[in-house]
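There are 2 protein chains.
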Amino acid sequence: MTARLIDGRSLAARVRDEVATQVASMAEPPGLATLLVGDDPASEIYVRNKRRLCTEVGMRDLHRHLPADVTQAELASTIAGLNADPAVTGILLQLPLPSHLRPADLLELIDPDKDVDGLTEASAGRLALGKPGLRPCTPSGVVHILDRAGVELKGRHAVVVGRSNLVGKPQAQLLLERDATVSVCHRHTADLAAITRTADVLVVAAGVPHLVGADAVKPGATVVDVGIHRTEAGLCGDVDTAAVAEVAAAVTPVPGGVGPMTIAMLLWNTVAAARLQRVGGTATV
Amino acid sequence: MTARLIDGRSLAARVRDEVATQVASMAEPPGLATLLVGDDPASEIYVRNKRRLCTEVGMRDLHRHLPADVTQAELASTIAGLNADPAVTGILLQLPLPSHLRPADLLELIDPDKDVDGLTEASAGRLALGKPGLRPCTPSGVVHILDRAGVELKGRHAVVVGRSNLVGKPQAQLLLERDATVSVCHRHTADLAAITRTADVLVVAAGVPHLVGADAVKPGATVVDVGIHRTEAGLCGDVDTAAVAEVAAAVTPVPGGVGPMTIAMLLWNTVAAARLQRVGGTATV
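Listed in order, the protein sequences are those of chains F and W. Each residue of the first sequence is one higher than the last, beginning at 1 in our numbering. Each residue of the second sequence is one higher than the last, beginning at 286 in our numbering.
Hints are computed from structural coordinates only; laboratory data are not their basis. Possibly wrong hints are sitting among the right ones.
What the hints assert, rightly or not - Restricting the straight-line Cα-Cα distance to at most 25 Å, the calculated cross-link-like pairs of lysine-lysine (BS3-like) are:
1) W:K439 x W:K503
2) F:K131 x F:K154
3) W:K416 x F:K131
4) F:K218 x W:K503
None of these values were measured; they are calculated from a predicted model.
Next up, chain F with everything else stripped away, as it sits in the complex (with noise of 0.2 Å):
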């Protein structure tokens, strides 16, 4: 093993820390408003988690939690509610929800300038255009980890595998912005391996378990695994770690690696709301 882990735990903890100074500076802390709908399991632990962290950087925790069959307009005139509300700096809505509503249209209704989880038509429309906004928390988690670890982005080959709109199309915006020569590769490209072979920095978000292994990556490359997966061996990701960490310079492990960013990210998007949402402009970050 040559290559260097890239520990995503105590990157994530150095920001939620940055995030927490921002917090104690401001005159009023910003409040994450949590909005979970019915009894999943899953969900259930993930927005605790979100609320514990949002409490120990100092923001207000405003959840919101809603019953099962409550009504695509109940739930509409909630996110409105929380729009209008000027103690809410940033709204998130957890998916999935019960099957009767419509996520798709109720994410809309968001006011992009508190949409912390950039998921808006509008949000979107910002990052694609260069403006100021709220982006993505895992792309832009990404970003986070290759500055953080020292990476150069401007003019490298950046190749990311999958072209989702929570990972993969965003990330690809954000690493072109940053100057990279950005390849999106997917199920339908012919043959992945030789494309990401030219990779200096790989993004692997394609949701497939050890899809990438040595033979697809460029010595002395850096290589972000976005993939994670419950196997009878425990959690793995989209990389084959082990391998790949013969290869490349850098690699994130699974966990460890961008999990713990992503999160981190949602209090930072929550932060930068807040602060420009009081002087009135639109949210950068």
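Put chain W on the given structure of chain F with help from the hints.
Coordinates of chain W only, in the frame set by chain F:
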């Protein structure tokens, strides 16, 4: 010269014929509001051309000409009026505007369902998220050209040179949506020719005359030239067409390639917007 020259003029004429057929089948013709501010001679020519083609395909020309000293508030109010007017199905704000106006703020006032230039945050977000919406005319014109020229995109490597909001970035999204593997290059790309030589489909929108020569093209590739430059020797594009034609399978000429298709797509977008506003849904293209 071995490459096939793709005749953008005849492809655009065919698109306009299809638009005219669609318009003829509609109970009421769509209306295009071109909004011209001041007396920029180039803008006047562009707008006159758009209005002429709009009338030729049977749509209503709802042109507005405002004086150069119009205020931001007056122009905003004009846009609000066009948004509210059911006879107006498409709104085009001709740029550039006089320097006392803020074009980005004004563009954002256009109803995304009437945004036939596809330049608003909402339109960019809908494209980024793969949702129905109105797409920018030049890059969607390029995809039309490739389709009508019989060029396969799925699983092929498409390389875009340039990353403007108007062409490069939406072009990459549109090619990705069509299942191409997509790379985006720009001024900071380390070895441009090394990447463009791997392209099955190469779209050049860099704004640099004759940036791409024969050494930058893979034998058998399709090359689309979005650039247009006025030189002493006449109009030329970003591609050295004569040289590249010895290597590529097909190239678009300048003039007579992408240019005519861009205006055809404006008409196409106006019909798409009209048809879908009437059924009460979101516009699809």
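Evaluation of the provided hints:
1. At roughly 18 Å between alpha-carbon atoms, K439 (chain W) and K503 (chain W) fall within 25 Å of each other, so this suggested pair holds.
2. A threshold of 25 Å between alpha carbons decides the hint, and for K131 (chain F) with K154 (chain F) the separation of about 19 Å falls inside it, so the pair holds.
3. For the hint linking K416 (chain W) to K131 (chain F), the alpha-carbon distance of about 20 Å falls within 25 Å, and the restraint holds.
4. Restraint check for K218 (chain F) and K503 (chain W): satisfied, since their Cα atoms lie roughly 23 Å apart, inside the 25 Å limit.
Hint compliance for this structure: every hint is met.
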